[in-house]
Each structure stands twice: as C-alpha cells, then as structure tokens.
Amino acid sequence: MDDWVIAMMLGASIFLGAVALFAFLWAIKNGQFDDQEKFLNGAKFDNEDDLNDAINLERKKEELKKNYRPE
Amino acid sequence: MSTKIACNHCHLEFDNDMMIKEDNLRFCCNGCQGVYHLLNNEGLDSFYEKAGSTKLAPPMVNLDNSSSFDAPSFYEQYVTKDKDGFSKVSLVIEGIHCSACVWLNEKALHKMEGVIEADINFTNNKATIVWADDIVKLSNIIEMIRSIGYNAFAYDSATGESHANKERKSYYLKMAVAIFASMNIMWIAVAQYAGYFTGITQNVKTILNIAEWVLSTPVLFYSGWVFFRGAYFGLKTKVVNMDLLVATGALLTYIYSIYITLMQDGEAYFDSVSMIITFVLIGKFLEVLSKKNAADTLDIIGKDIPNEVKVLTDNSIVLCKLDDVNIGDTIVVGSGERVLFDGEIIKGSGNFDESSLTGESKPVYKIVGDPVVSGTSSLDADIYFKSTKDFQHSTLSNLVTLLESAINKKPRIQQIANKLSEYFSSIILALSFITFLVWWIWPHSFEISFMVGISVIVIACPCALALATPVATLVGLSLGVKKGILFKEAAQLETMAKVDTIVLDKTGTLTIGKPEVVKEHLYEGYDKDILYSLVKNSNHPIAKGVRDHLNGCSEMIFDEFTQLPALGIVAKFEDKIILGGNAQLISENNIDIEITSENSLFYFAIDSVIVAVYELNDIIKEDAKKLVTTLEQQGIKSIMLTGDNGKVAKRVAQEIGIDRYYYSQTPQSKADMIDTLKAENKTIVMVGDGVNDVLALAHADISIVMGSGSDIAVDVSDVVLLNDSLKSLMDAFKISRTTFGLIKQNLGISLLYNTITIPLAMAGYVIPLVAAISMSVSSLLVVGNSMRIRYKWNKN
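If you read the protein sequences in the order shown, they are chains C and L.
In terms of our numbering, the first sequence opens at residue 1 and continues consecutively.
In terms of our numbering, the second sequence opens at residue 72 and continues consecutively.
No lab work stands behind these hints, which were simulated from the structure alone.
Careful: at least some of the hints might be erroneous.
Stated by the list, open to error - Okay, derived cross-link-like pairs now, SDA-like style, lysine to any residue, Cα gap no bigger than 25 Å in a straight line:
#	chain 1	residue 1	chain 2	residue 2
1	C	K44	C	F24
2	L	K159	C	F22
3	L	K309	L	L491
4	C	K60	L	P289
5	C	K29	L	K692
6	C	K29	L	Y242
7	L	K607	L	G596
8	L	K126	L	F224
9	L	K197	C	G42
10	C	K60	L	K692
11	L	K154	C	G42
12	L	K798	L	Y733
13	C	K60	L	K309
14	C	K65	L	D441
15	C	K44	L	P289
16	L	K182	C	L51
17	L	K159	L	D116
18	L	K585	L	G596
19	C	K44	L	K154
20	L	K121	C	L64
21	L	K182	C	F24
22	C	K29	L	E238
23	L	K75	L	D141
24	C	K29	L	K607
25	L	K692	L	D802
26	C	K65	L	K159
27	C	K29	L	Y293
28	L	K178	C	D3
29	L	K585	L	S740
None of these values were measured; they are calculated from a predicted model.
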C-alpha cells in the first residue's frame with residue numbers, strides 16, 4: 001500500500017513535469033524564443049487584434065494550401 | 072531661430088517654417104506625408120501609439136526599380152521553395168528602429184493577398200517571408216515594404232547562419248531535457264541517500280530506482296547523443312577524446328545501474344549518469360556559443376557585391392549581370408557607387424576612394440586615361456570606363472577568392488585542454504580496465520570487480536576537466552565585453568596568450584585614420600557659420616575634418632552651391648562668392664597664397680579674400696607609443712605595415728618607436744608578410760581596420776580589428792575592439808594572459824583532484840555518497856577558481 005502511494009506520486013509529478021517540459025520544447029522548436037525583444041514586447045503589446053490577425057493568417061494559409069498547386 | 076517641431080511620421084525635429092503643413096499635421100518631407108496617410112487609410116495608425124517618440128528615418132525616395140526582384144537570376148539565388156511549395160526568401164529590412172516598426176512591417180505584409188508568413192527579427196532586422204508566387208510577386212512585397220518607409224535587400228541564408236542557429240537550437244532542446252531530468256533525479260536521490268543512512272525497504276528503493284531510470288534514459292540517449300557521435304568520429308580518426316570517456320563512463324554506469332535495479336540489490340548510480348551528461352553538455356554548449364562560423368563571413372562579402380552593373384550599349388544604359396560583361400564593354404559608375412571591374416576611364420573625371428586597397432582615406436583624383444581598380448568607389452562624379460578584365464579576373468574577385476581560401480585554411484593551434492583530455496581519457500579507460508581485471512583475478516565476484524572498475528571512470532569525473540576551459544574562458548569573455556573587447560571565439564583567448572609578434576596597420580589603427588585639424592589661421596572677415604554650411608554638404612574627408620572641428624554652428628542656405636571635383640566647393644551667399652578648397656582652387660581664382668605646410672591645407676575665401684586656412688593631418692592615437700613599449704617589455708615585437716608612402720611611414724614609426732616598418736603595401740603583400748613571419752615560427756597578432764587589411768587579418772593567427780573598421784574586416788577578425796582605443800588592445804592581451812593562467816590552474820586542480828581520488832576508487836574505497844559529493848566538490852572548485860579572475864584582474 002505505502003509503496004503504491006510513493007509510486008503514484010512519483011509517476012504523477014514526473015508526468016506533470018514532462019507535460020510542461022514538452023510545452024517548453026515545442027515553444028523552442030516553434031521559434032517563440034528566437035527574438036528576445038519581440039518575445040518580451042509580445043507580452044506588452046499583443047491585444048485582441050493581434051490574436052485575430054494570427055488566426056486569420058492561419059486560415060489564409062490553410063486556404064491557400066488547399067488551392068495551391070505548384071507546377 | 073524659429074521653434075523646432077517634430078515631424079508627425081518620423082519624429083525628427085525641424086524648423087516650423089520649413090515643414091509641410093496640413094491642418095494640425097507637420098511633415099518634414101513628402102515621403103513622410105505619404106507614409107502617414109497610407110498608414111491611416113490602411114487602419115495601421117496605432118503604429119504611432121506603439122512607436123511613442125522613437126525617431127525614424129524619413130522614407131527614401133528614388134529607389135531602384137523593384138522589378139529586378141522578379142528576375143529569374145534573383146529567384147535562382149535567393150528564393151527557395153518550402154515543403155508546401157510556397158516561395159520563401161530571407162531579407163534584411165533597413166530602417167527598423169523599434170518594435171513598432173517590426174509590428175508595422177509584419178502587419179502590412181500580412182494584409183497582402185498571397186503572403187502567408189512574414190517574420191521579422193527585431194535584433195538583427197532579418198526577415199523571412201513566405202508567399203504564394205502565383206498570387207503575389209516578390210516585387211509587390213518589396214514595393215509594400217518601401218511604401219511604408221523601409222527598404223529591403225536579399226541575403227543568402229542557406230549557408231552558415233541558419234546552420235549555426237539550428238545547432239544552437241538543438242543544444243537548447245538537449246539542455247532543457249537534461250536539466251529537467253537531472254533536477255528531478257536530484258530530489259529522488261535525496262530520498263535515496265536519506266534511506267541509505269536511516270534505512271529503507273528494498274521495495275521503495277526499487278521504485279525510486281525505476282523513477283530515476285525513466286528520467287535518466289532521455290538524458291543519456293537524447294541529450295548525450297552528441298558524446299556518442301563525438302566518440303564515434305573520434306574513434307574513426309583514431310583519437311581517444313573526452314567524448315569517448317564521457318560516453319563510455321555514462322553508458323557503463325547506466326547499464327550497471329539497470330542491472331542493480333533489476334537484481335534489487337545494491338546501489339544504483341542513475342544520478343551520476345545524468346549529472347555527468349548535464350554538466351559536460353553545459354560545458355560544450357558554452358564553447359559552441361562563442362564559436363564563430365567561417366561561412367557567416369563569406370555571406371557578408373557576397374552582400375557587398377551587387378549582382379548587376381550599368382553597361383552602356385548604343386547610347387542607352389542597361390543593367391547587365393556581372394558574368395555577362397565582356398572585356399571592352401563600357402561601364403558606368405555613378406557617384407558613390409562601387410567599381411566592380413578593372414578598367415580605364417574614357418569619359419569623366421573625379422575623386423576615387425581607394426581606401427579598400429591602400430587604407431588611406433585621402434581620395435585619389437583620376438582623369439580620362441587613368442586606370443580604375445575594382446573595389447574602389449567613385450566619390451563625386453559619374454565615370455564611364457572601359458573594362459580591361461572580366462569579373463572573374465578582376466582585382467576584387469581575386470581578393471574574395473584569396474580570402475575564402477585563407478579563411479578555410481586558417482590554422483588552429485591545438486588547445487591545451489584538448490591535448491590533455493586525449494591523454495587523460497586513454498589513461499583513465501586503461502586504469503579502469505586494469506582495476507577490473509585485477510579485482511576479478513584476485514578472488515572477487517564479477518559484480519564487485521565490475522562496480523569497482525566503473526567507479527574509477529565515474530570518480531575520474533570528466534566534469535571538472537570538461538568545465539575547466541569553458542568556465543575560465545567565459546569569465547574572460549565577459550570581462551572583455553565589459554572593457555569593450557569582443558572575443559569571437561573562446562579558444563582565441565588561449566592562442567592570444569602565446570603570441571610573440573604584433574603586426575599593426577598604420578592608418579586607422581595607430582593613427583585616427585581621418586584628417587583632423589591640427590592648426591587654424593583665422594583672418595579678418597571670418598564667418599564660422601558660412602564655413603560650416605559650406606563644408607557640411609561635402610563628402611570629401613578634408614571638408615569633413617573641417618566640419619568636425621567647427622561644431623555647434625547654425626546652418627545657412629546658399630543661393631548657389633557647386634562641388635568641383637579635386638578642387639573644392641564654390642557657393643554664393645547674399646551676393647558674396649564663397650570659395651572653400653585646396654590651393655589649386657584658390658590660385659585658379661587669382662588669389663595669392665602665403666602659407667606652405669607639409670600638412671593638407673584647406674582654404675576658405677569670401678569675395679577673393681582668404682579669411683581662414685586650416686591645416687589638417689592624420690594624427691597618431693595617444694596610447695600608441697605606450698602600447699609599443701609595454702608590449703616590448705612583455706617580449707612582443709611590433710611591426711608596422713602601411714599602404715602609405717615611405718616618408719609618412721617613417722615619421723609615424725619614429726614617433727611611436729617601431730624599428731621595423733614596411734610601406735607601400737598592397738593587400739596581397741601584407742598577407743605575404745604575415746606568411747613570411749609565420750614561416751619564422753612566430754605566432755602573430757594582426758591589428759587592422761580596413762578592407763585593405765582583410766587578407767592579412769585572415770592569414771594571421773589572431774586578428775584584431777577596430778570596431779569602426781569596415782564590415783568585412785570586423786567579420787574576418789577574431790577580436791573586435793569596440794571603442795577603437797589602443798588601451799583596450801593592451802587590455803585584450805592582459806585578459807587573454809590572465810585567462811590562460813586560469814585555464815592552467817583549473818586543469819591543475821582537476822588533475823590533482825583525480826590523482827587523489829582515482830587510487831581510492833581503484834582500491835575499492837568509494838561508496839556512492841563519496842562519489843556524489845566529490846563530483847560536485849570538484850566542479851565547484853573549478854567554477855569558484857574561475858570566479859577569482861576579477862580579484863586577480865584588480866591585482867595585475
């Protein structure tokens with residue numbers, strides 16, 4: 001019984017940590033920390049408009065991808 | 072003087088009555104006005120809110136036609152296809168001053184039909200743009216960037232830079248994993264050690280072991296992969312390197328710990344596995360961080376050379392690709408443009424800046440029939456010349472080829488730590504194997520002998536040795552940055568400490584590099600403001616020298632203003648004729664001259680009366696003499712090289728106290744000189760600043776460049792002196808020597824430490840606790856010792 005509790009706690013906490021680690025790795029790979037200035041300014045300036053912009057851009061990209069047939 | 076008011080777009084301040092007025096708005100020029108309205112119409116006016124009062128550059132007008140961006144040759148060179156088939160280009164955006172500029176550019180581009188991605192880096196102004204080529208052309212994108220007041224040019228990102236970034240990024244990922252896992256293993260290890268002393272059931276111990284096993288696996292095989300790869304390549308070239316020691320040590324410990332875990336008996340060492348990998352990986356990263364890439368340098372050279380020139384054919388001027396220009400074609404060079412071909416002038420005359428060949432800032436006046444050399448640039452006139460060589464054989468192209476080969480062949484002096492670790496690794500591996508054999512032959516079980524053998528590798532602790540150099544050099548580098556000295560590669564600190572000869576360029580290094588007023592003669596009728604306004608608009612170095620001398624004057628507006636090549640400036644102000652220029656200009660206007668001097672003279676006359684004469688000369692930097700004597704005391708010989716003539720060279724050399732000097736040197740002969748010295752088995756530092764020094768810089772063991780030097784020179788060099796002073800050159804030597812001493816100490820500490828602990832390990836006295844503690848202690852000793860450099864620095 002005691003052993004189980006230890007095993008579960010270890011497993012759960014390592015799992016949670018791993019989730020955070022993977023989020024961090026994803027962010028590095030995604031280039032979110034490439035530009036230090038921009039990354040810091042994002043927190044200062046980004047607002048609803050910018051979020052909308054980002055999603056519109058994503059949609060535009062998807063749409064173009066669908067129609068785009070490189071020769 | 073009327074009040075100054077800021078332009079609504081660029082925020083630069085001008086006199087109120089000079090500005091374009093529009094209701095409450097004020098603009099300094101049509102460009103700013105255009106951009107302001109464009110942004111308002113597009114709904115991008117929150118840019119101004121974001122930009123605050125940051126001063127921007129007013130938009131440029133009359134840029135070249137952007138259609139050249141659509142040329143197939145351009146596409147071939149710069150545009151790549153991404154995996155979805157979209158086009159992708161890397162640009163450098165000019166005119167970015169603040170994060171709002173980045174925002175504006177990205178926003179404007181995102182709004183364009185067909186643009187999929189626009190990502191601009193604020194720190195280096197580089198942008199990556201992805202677009203669908205059938206919807207929008209690159210020229211439209213460039214037009215958009217220009218229309219909002221910026222400019223863009225392409226650069227080839229395929230080579231060095233992206234590679235270096237990728238490597239750095241992969242290290243970040245590996246370190247993130249390693250640090251995360253190690254920190255978790257640490258707190259599990261706390262439980263293990265507590266259990267070791269106070270008692271722990273075997274079940275709990277196994278659970279903890281399994282958790283450590285899970286955590287250390289990615290550390291060893293993901294983060295530690297670089298060591299396996301390094302060991303493999305080392306073995307392939309028959310070198311036993313540090314990587315092999317780290318890899319075998321960690322792998323054996325890992326396997327042994329798995330065995331212990333499964334057998335449910337004894338102590339596992341997973342914590343050692345992850346700690347070794349993490350520590351050594353950090354050390355390796357520190358080295359990668361400060362490594363410069365030769366390929367980066369070549370990028371910059373390529374950027375400086377435009378890919379097209381203007382060629383005259385049948386009375387019309389067309390743009391022609393460099394390789395398509397034949398010998399005998401007539402090439403047109405506008406004022407301020409660079410000459411890319413060697414040739415002979417057939418029409419026009421003017422001043423040429425030949426500093427890239429001779430290092431001298433004094434322009435050379437050329438007329439019809441004179442040869443022009445590629446790499447120089449026309450300062451003030453449109454010149455027509457006939458090419459005498461094709462591009463592949465031009466002086467400029469030769470210089471680039473020579474430089475490329477010099478950079479690639481640059482010798483690497485083997486670093487002391489690398490050499491040491493080679494022996495060290497072999498010895499440790501051998502010792503551990505012997506220990507294992509001895510224990511086994513002597514009656515012991517396989518398990519015990521194996522464990523003792525491994526403990527030798529673990530206790531030998533590559534951490535301290537691997538950290539010895541990077542930590543010391545990092546401290547040295549940061550100290551350098553504080554003093555305005557940029558060492559581009561950590562290893563250079565060590566090489567520089569072994570230098571015995573210093574080769575100095577004269578112009579720009581020992582001297583200021585541009586003419587400065589050394590004497591002024593003022594006469595009746597002198598008007599400071601008129602003179603300032605006269606010289607303000609000239610690009611000639613002499614005029615610039617006079618302008619810098621007269622600061623804090625107000626500017627007049629002339630009725631007429633003409634620059635005469637090789638003579639000076641003529642202007643008209645309130646019906647008075649103003650002359651400013653050399654002796655020839657003055658005597659041509661029938662004015663008598665009385666002063667003679669060996670310095671360059673600048674005459675200033677109002678209505679045929681000389682009102683001022685300035686004597687200008689290139690003066691020697693204040694610390695030059697002290698530098699030479701100090702270096703002499705430390706056993707470093709000084710040699711001076713210059714493209715200037717013998718008379719000037721002799722005067723400067725005598726004044727500073729250098730006995731060995733060579734004059735009238737070309738870029739090639741400077742490099743040859745370095746090679747000759749190298750053949751005499753000397754380790755050489757070359758200090759220079761200009762394009763003419765680039766080859767020599769690339770040939771020297773260590774090259775140091777003044778921060779104000781040309782881009783290429785800065786790129787080729789190993790060390791950059793940001794504040795241009797010779798004092799920081801002395802500091803650079805001091806820092807490198809201190810750091811080298813520190814490296815030796817650190818290596819000494821880790822070796823001493825090993826000679827104590829390895830025999831203990833071989834005798835089988837090492838319990839897990841001792842291993843863990845000793846590992847951190849040795850690393851701490853090395854790091855602590857490195858921190859001492861500040862104290863040591865103050866003492867010297």
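Inset, instruction - For the pair we were handed, K44(C) and K154(L), check the Cα-Cα distance against 25 Å. - result: 34 Å, violated
Inset, instruction - Starting from K29(C), check that the Cα of K692(L) is at most 25 Å away, please. - result: 49 Å, violated
Legend entry - Given hint F24(C) paired with K44(C) - CA-CA distance at most 25 Å: 21 Å, holds
Legend entry - Hint consistency between K29(C) and Y293(L) [alpha-carbon to alpha-carbon, up to 25 Å]: At roughly 15 Å apart (the allowed maximum being 25 Å), Y293(L) and K29(C) satisfy the hint.
Inset, instruction - Take a quick look at whether K60(C) and P289(L) sit within 25 Å of each other, Cα to Cα. - result: 38 Å, violated
Inset, instruction - Assess, step by step, whether the Cα of K121(L) is no farther than 25 Å from the Cα of L64(C), and give holds or violated. - result: 31 Å, violated
Inset, instruction - Below or equal to 25 Å on CA atoms is what counts here, so check K60(C) against K692(L). - result: 60 Å, violated
Inset, instruction - Compare the distance between the alpha carbons of K178(L) and D3(C) with 25 Å, and conclude whether the hinted pair is satisfied. - result: 57 Å, violated
Legend entry - Restraint check for K798(L) with Y733(L), where alpha carbons must lie at most 25 Å apart: 24 Å, holds
Inset, instruction - Decide if the proposed pair is consistent with the structure: K154(L) and G42(C), CA atoms, cutoff 25 Å inclusive. - result: Judged against 25 Å, a Cα distance of about 28 Å means the pair is violated.
Inset, instruction - Could you grab the alpha-carbon distance between K159(L) and D116(L) and see if it respects the 25 Å cut-off? - result: 28 Å, violated
Legend entry - K44(C) paired with P289(L) [C-alpha distance capped at 25 Å]: Cα-Cα ~36 Å, so violated.
In terms of the numbered hints stated before, the structure departs from hints 2, 4, 5, 10, 11, 13, 14, 15, 17, 18, 19, 20, 21, 23, 24, 28, listed from lowest to highest.
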